[in-house]
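Asker: One line per chain: the protein sequences are A and B, in this order.
Residue numbers for the first sequence, in our numbering: 1 to 283.
Residue numbers for the second sequence, in our numbering: 1 to 346.
Hints in this document: simulated from the structure, not taken from any laboratory.
Misleading hints may appear alongside valid ones.
What the hints assert, rightly or not - A few chain B residues that don't get close to chain A, going by computed Cβ distances all over 12 Å: (1) Thr5; (2) Leu164; (3) Ala272.
As the list claims (entries may be wrong) - Derived list of chain A stretches under chain B, where covered just means 3 residues or more per stretch with a C-beta under 8 Å from a C-beta of chain B: (4) 162-173; (5) 181-193.
Said to hold, decoys possible - Restraint-style ranges between C-beta atoms, simulated for each label pair: (6) Glu29(B) / Arg84(A): 39 to 47 Å; (7) Val91(A) / Glu209(B): 34 to 42 Å; (8) Ser135(B) / Pro221(A): 52 to 60 Å; (9) Ser89(A) / Pro242(B): 43 to 51 Å; (10) Val91(A) / Pro68(B): 35 to 43 Å; (11) Val124(B) / Ala160(A): 28 to 36 Å; (12) Glu13(B) / Gly67(A): 46 to 54 Å; (13) Ser135(B) / Leu260(A): 38 to 46 Å; (14) Ser9(A) / Ser40(B): 43 to 51 Å; (15) Ser40(B) / Val91(A): 33 to 41 Å; (16) Ser175(A) / Ser135(B): 30 to 38 Å; (17) Leu198(B) / Arg84(A): 40 to 48 Å.
C-beta: ideal position from N, C-alpha, C; glycine also.
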Amino acid sequence: MVAPSARGSVGSFVGAVLSASLILLFVLPLVVLFLYVGWSGFVQEATNDGFLTSIRFTLLASGIAVGLGLLTGVPLGYVLARYRFRGRSFVESAVLLPVVIPHLVVGIALLLLFAPDGPVGRFMAGLGLPVFDAIWGVVLVMLYVGASYVVLASQLAFRAVDPEVVDTARSLGASPGEAFATVTLPQSARGIATGALLMWARGVSEIGGFLILAYAIEPSPPWFGPPTAPASVYIYDLYQSSGGLEAAAAASCVLVLVALAIFLAVRLVDRAGLYTPRGGWLS
Amino acid sequence: MAIVTGVTVRNLEVERGGFRLGPIDLAIEGGTAAILLGPSGAGKTTLLRAIAGFLGLREGSVEVDGVPVDREPPERRGFGFVPPSLGLFPHRRVARNVSYPLEIAGASDASAQARRWMERFDLVPLAHRYPHELSSGQQQRVAMARALAAHPRFLLWDEPLSALDVESRDVLLRLVRELIEREGLPLLLVTHDPTTALSLGSRLVVLDEGRVRFQGRPEELARGPLNRFTARFLGYENLYAPHELAAVSDLPLGAALARAAGPGGLVVPTEALRWSVERWVGDTSARVRSVRWSSAAWSIDLELGSLRLHVLGAHDAPSVRPGAVVGVGIDLGKVKPLEGSSGPAG
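Same shape as in the complex, but just chain B (with noise of 0.2 Å):
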């Protein structure tokens, strides 16, 4: 695999239909990887489809190590593509699969060179299997295997392993790693799912509406301003729109939070929240919804008004029962603002 400096991205915008990404700068050094992150409809795959040549630019261009490739047809941009369906085969086995891009460049070795793909993705036992008879996980590891045995400089993926167990996620991840640190792989991915963005990736890309948002180390992005979808992805739960913080306004709690809610709402973070069954401890009385055991912890519902406040972290089993009433109390120094735009992660 040739050892690439860099992938990167200048100026460049696609227009499609009435959409219209960037112009969007991106720069992914060899061996690192990019988490393409952004709401649905935010341009994510039109960036990758660009980026691989399926679509044309409008403007601007794609270098490898300063070398422009944008004018070069996919098949002779060596970038790795794999789709959310994964593109696979489904007419050839697993060992055909994986050994395409090898007969496709006349290699005269393909079968053996794909059975070391397939060894290091352990997919030998599946090698006569046809793409349909695998699980996701498998369908997965053929995708990748196939990928990396066409020697790409630069591997394109997209929302890769939605439909994957955690134990099956994890293991891809941590071969994935290991090969483009090995390799010195840059790798762009698009994902909603922040446990495989923050374990493969040093540098989030957020993009809306065809453009980018945010570029930075995840906690840059905790520490910047938010909106509902890079709060969501950084795992913020209490999120609450500028109209639900309006219906709770005549709660001296809640006229509080509505003053501190910036354009797009409002977040609580649970370190934001105290509650107690002394109802002296907070400001306003709000009754448990519910309890429950979620994510190795208790974790208590508690409705304020119309709003639900979400409390995690008590590991013993809490002393309150659905429908007790509680004191509760929100430090506001602590909440954040919301900027406006950016739906729901879709």
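Here chain A stands alone, though its shape is the one from the complex (with noise of 0.2 Å):
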């Protein structure tokens, strides 16, 4: 008989297994991107004009896509997280559909929806705002894709605010607005803070949406560089060309460097304690 304490052994020897193969399915196909490209090949990709205007393009599509999706997101995360009403669980689903759904699926969608010759695609133009093959159907596609995350933090974070915190507030004179600002922010804006990255990085690495509505992107406001494609369909069409495997490997450690920054950004900006119980202006 094995006893109590070898088995348990065993048991954590085999987790460790388990979760060390897991974690090297996640960092040994990256490790093997950079050593494959090589220094010379990422450097001249990485001062290739076509891709540096599509990364700047794809950091503009989704930092406007992460405003909208915190604009739109943030409140409807909040009703989730602190009331309750008829149609609840309806909105919930909704909110759920398009992490479930096949990112081509969307595209056509969407596509139909705003279909250029549609009246909802004329509306937009007549507004200024192209959708199709244009940089406003990069960002409703990462919207589409990308805003749950958003929402679903939110309202996790939301969530975790003592009532009672906000309530003493406003025995403290705060109007409800001052008590959201001051107090419920504050304290879910690291929730939020994570939601938003997740929906940036969803964003970044949509390819199938963008396929279907916006392939090639011509300029139009707020895009007022050349005709481009968003990053991962620029490393696609790289890909697809003929012996394009380098190309497209040397893009891709680009991308997955600029992808690197942003979130050692955040997290710099996390430890600097802007808006979490360690200093900081909020504190």
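Two chains, each in its own frame: build the complex with the hints.
Answerer: So this is what it looks like as structure tokens:
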């Protein structure tokens, strides 16, 4: 018979091996990617004007999408965290819908809704916000596939704020808006920022919806650069061209580094205690 | 702080998820504290939240110096509300917790005013700490300093001192007592702790099943009809439910107790109990279950059939040991029948 402690250590060992396998699966392909590309290949693609334009465009579109995601998702997360109402479960299911729908389907559905010759597409174009093969198409797809993360993360963050703390702020003279701004929001900021980061990452990594709705981007405000494509589409095009694996891999490395830089920036802001109980202007 | 002559609650009714509170009438004068007592689910917190403005009234009014405020939102009532969790802001240091109401009011000297309140509550050395870095007593002091920094007209304090050690509790009680007397502030306090209630409150309000069952001075509560909750609050230990008395009705003393009981049972105050190692002193024999030192005196638990009788008061070590048989008698003129309702305080 095996002693309980021995069984425990066998279990721990198996658990550790399984966990390590998953971590390896996450990290190893990226290591191989960087080794395959090498320094010279990386520099060549990192200085390629076409790709840098695509990166700039992607950052602009994803920034707008995250801004809109915060503007619409945070209030929805707050409502779901604080209120019970008829149709709440429908709203919660609707929020999860984009997570389960294949993203090519998202592209097709959005194309049908925003088709350039359809009423909605014409209306948007009339407002100076063309969707098909334009930056607003990319923003729409990013919003569709990523805003759920902002809603869910905000909902969790708001739910973690003790309502008695908010009530106390009211009794100390704060209006509902002041209590939200000075008590609820600072305590939820970290969760909301995590949702925004996930949304951004999801938007930048999207490709299916772009292939249908916004494959080749024509300049239109607020994108005043040359014609380009979202970074993921750009890399896919490189890969599809003959012998394009090397160029696609090099461009992928650049994109991974941009994503890591943004991730680290958010972590540094978090560590500096901008919105956490470790210092900074909110404390 | 504005001097308030009194807060009056008139005919207040609240309906919430099937629970109905009221009608409640209360009057609390400036500089005095009213203590709200009652078992769990009696409606104490609901009443406090309704007065503070967090729950809509079905009926009735809340008045400060005769002026109704029940249509005002919580932030305009000027009522300092300290919930059981204290409601400290976890993302703000102590200094900025205390200065919060002053910042919201737009006070140009918010920091200086907050510092004065921190000095009063001995919080200056803790000014740069976060609430989670404080002890329970320190957190209580921050909550109280912050509530008072808002210059409230009325203080509502829910279960304030339950987590404190005796010394911290006494220090805070003394501070609060001085402040409400000096500032003429009315205070409504929910507590289960008799020490807190009796040291702060000149007036007790017993709430049960959403209604006020008693309002008056503590000694009036002791003189009036008791139920299980008020008897426990007043410190009685020998409380017996009717079924417990029925179980000993085959003993002569047990039968007499059952006859003296009310619908909620009976209290046997320690002064109604006589016992002696000389068996002749009592009508009945009882067995000594335990002998222990507690509350600065020896206490003895006796078993009378299935009833447990608690006897206090021997300052010298008693001459009996567990298992000994002693004589016990009960002065039936001093036992107190209990009214129905009111479960144990939660």
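Asker: Hint by hint, say whether it matches the structure.
Answerer: Hint by hint, here is what the structure shows:
1. Residue placement check: Thr5(B) keeps its beta carbon more than 12 Å from all beta carbons of chain A (closest about 21 Å).
2. With a least CB separation of 19 Å from chain A, Leu164(B) remains clear of the 12 Å interface cut-off, as annotated.
3. For Ala272(B), the shortest C-beta to C-beta distance to chain A comes to about 44 Å, beyond the 12 Å cut-off, and the non-interface label holds.
4. Given as covered by chain B, the segment 162-173 of chain A passes the check, having 10 residues with a CB less than 8 Å from a CB of that chain where 3 are the minimum.
5. Counting residues of the segment 181-193 of chain A whose beta carbon lies closer than 8 Å to any beta carbon of chain B gives 4, which meets the minimum of three for the stated coverage.
6. A hinted range of 39 to 47 Å for the beta carbons of Glu29(B) and Arg84(A) is consistent with their spacing of about 40 Å.
7. In this structure the supplied range 34 to 42 Å holds for Val91(A) paired with Glu209(B), their Cβ-Cβ distance being about 38 Å.
8. With their beta carbons about 58 Å apart, Ser135(B) and Pro221(A) fall inside the hinted range of 52 to 60 Å.
9. Range check, Ser89(A) to Pro242(B): about 48 Å between beta-carbon atoms, so the 43 to 51 Å window is met.
10. Val91(A) and Pro68(B) have their C-beta atoms about 39 Å apart, which keeps the hinted 35 to 43 Å range intact.
11. For the hinted restraint 28 to 36 Å between Val124(B) and Ala160(A), the CB-CB distance of approximately 31 Å keeps it satisfied.
12. Taking 46 to 54 Å as the suggested C-beta distance range, the pair Glu13(B) and Gly67(A) conforms, at roughly 48 Å.
13. Judged by the Cβ atoms, the range 38 to 46 Å given for Ser135(B) and Leu260(A) holds: they are separated by roughly 42 Å.
14. At roughly 47 Å, the beta carbons of Ser9(A) and Ser40(B) sit within the given window of 43 to 51 Å.
15. Look at Ser40(B) against Val91(A): about 35 Å separates their beta carbons, and that is inside 33 to 41 Å.
16. For the pair Ser175(A) and Ser135(B), the beta carbons lie near 33 Å from each other, so the given range of 30 to 38 Å is met.
17. As the Cβ distance of Leu198(B) to Arg84(A) is approximately 41 Å, the hint placing it in 40 to 48 Å holds.
Going through the hint list in order, the structure satisfies each hint without exception.
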